[in-house]
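Here are the chains, one letter per residue:
Number of protein chains: 2
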Amino acid sequence: MDATDRRIIEALQQNSRMTMKELGELVHLTGQATATRVKKLEDLGIIEGYTIRINEERIGLPIHAMITIYTTSTFHDPYLLFLKEHRQYVRHNYKVSGDGCYLLECRFPTNQELNAFLDGLSKYVNYKLSLVIDQNTQ
Amino acid sequence: MDATDRRIIEALQQNSRMTMKELGELVHLTGQATATRVKKLEDLGIIEGYTIRINEERIGLPIHAMITIYTTSTFHDPYLLFLKEHRQYVRHNYKVSGDGCYLLECRFPTNQELNAFLDGLSKYVNYKLSLVIDQNTQ
DNA sequence: GTTCACTCCTTTCATCATTCAAGTAAATCG
DNA sequence: CGATTTACTTGAATGATGAAAGGAGTGAAC
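As given, the protein sequences belong to chains A and B, one line each in that order.
Just so we're aligned: 17 in this note's numbering is position 17 of the first sequence, and the numbers increase by one with no gaps anywhere.
Just so we're aligned: 138 in this note's numbering is position 138 of the second sequence, and the numbers increase by one with no gaps anywhere.
Simulated from the structure, these hints should not be mistaken for lab results.
Treat the hints with care, since some could be wrong.
Copies of the same chain are indistinguishable here, so a pair counts whether it falls within one copy or spans any two.
[Stated by the list, open to error] Straight-line Cα separation of at most 25 Å, BS3-like style, residue types lysine-lysine; simulated pairs:
no.: 1; residue 1: Lys95; residue 2: Lys123
no.: 2; residue 1: Lys128; residue 2: Lys84
no.: 3; residue 1: Lys84; residue 2: Lys95
no.: 4; residue 1: Lys39; residue 2: Lys128
Source: prediction; values computed, not measured.
Just need the whole structure built from these sequences, with the hints factored in.
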């Protein structure tokens, strides 16, 4: 991991579909040398994969919820199974120290579906709901 | 947005560097027809960009913090300016309803840097810190 | 029923990127 | 000093892309 690798990662974060030749021009290497470095970053597990940024509002998922989960029981499996069954809504489930046991990030198409999800959720855990009003990603 | 577009989006979420020809085989179209559809999804703003999934632990950012921000003042600009000055740590700054005004997601290399960040932060807002212990992304 | 316009797709071909093998140069190590 | 490793370049073959031309299906107007 040198300065060139860091520039490669930065460039791929901006646009992961750029050709190895273009990327090579940015870091002053040939396309082949660049491809070898990228392959190494993949093998080291630094680059975990290639994906797209999606506008979830535009595909009908306008509701963005952050749910702090409080479990009274020490047995979390029913909650985790519930998440698996509703994985279509779940973006992240962070196990956290501090306030609550988990911080659950979800997306919903409607308030009705959010409501139904929360009804199901309340069978397993207590929760506190926050709705995202505006998103400022770096 | 039909079923084919949804399959294209799913496939690109898994691997955004796949060729249009490969993607076309998945959705039973030629590479050219697939490329046209992808271009349309970009123009509609549904696909916002192409990026990489990074293992931040492996690039020296093991500390993952979720910070709930409480502002007493109605004037948020000093806080937002502080974030801009420390944007290297900031991943997301969600404006939320519910508990707090913002939910701030950050990454730090060391507890020392987290501590310095929190010292700076406390000049502008009150906060509650949660540290991510484990991450379960869908 | 016919025509026109439109959308969505395929085929073909020229251009460009990628990949493999071979070779060079510098650094490391016994 | 010679052998090995690492990181890179070059050149040729393969494969992907993008532009142009054309075909098939749909719906509207007459």
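Okay, the hints, checked on the actual structure:
1. Lys95 with Lys123: within (19 Å within a copy, 28 Å between copies)
2. Lys128 with Lys84: For lysine 128 and lysine 84, only the intra-copy Cα distance (20 Å) is at most 25 Å; the inter-copy one is 29 Å.
3. Lys84 with Lys95: Result: close within a single copy only, 15 Å intra versus 27 Å inter.
4. Lys39 with Lys128: Cα proximity of lysine 39 and lysine 128: none, with 43 Å in one copy and 40 Å across.
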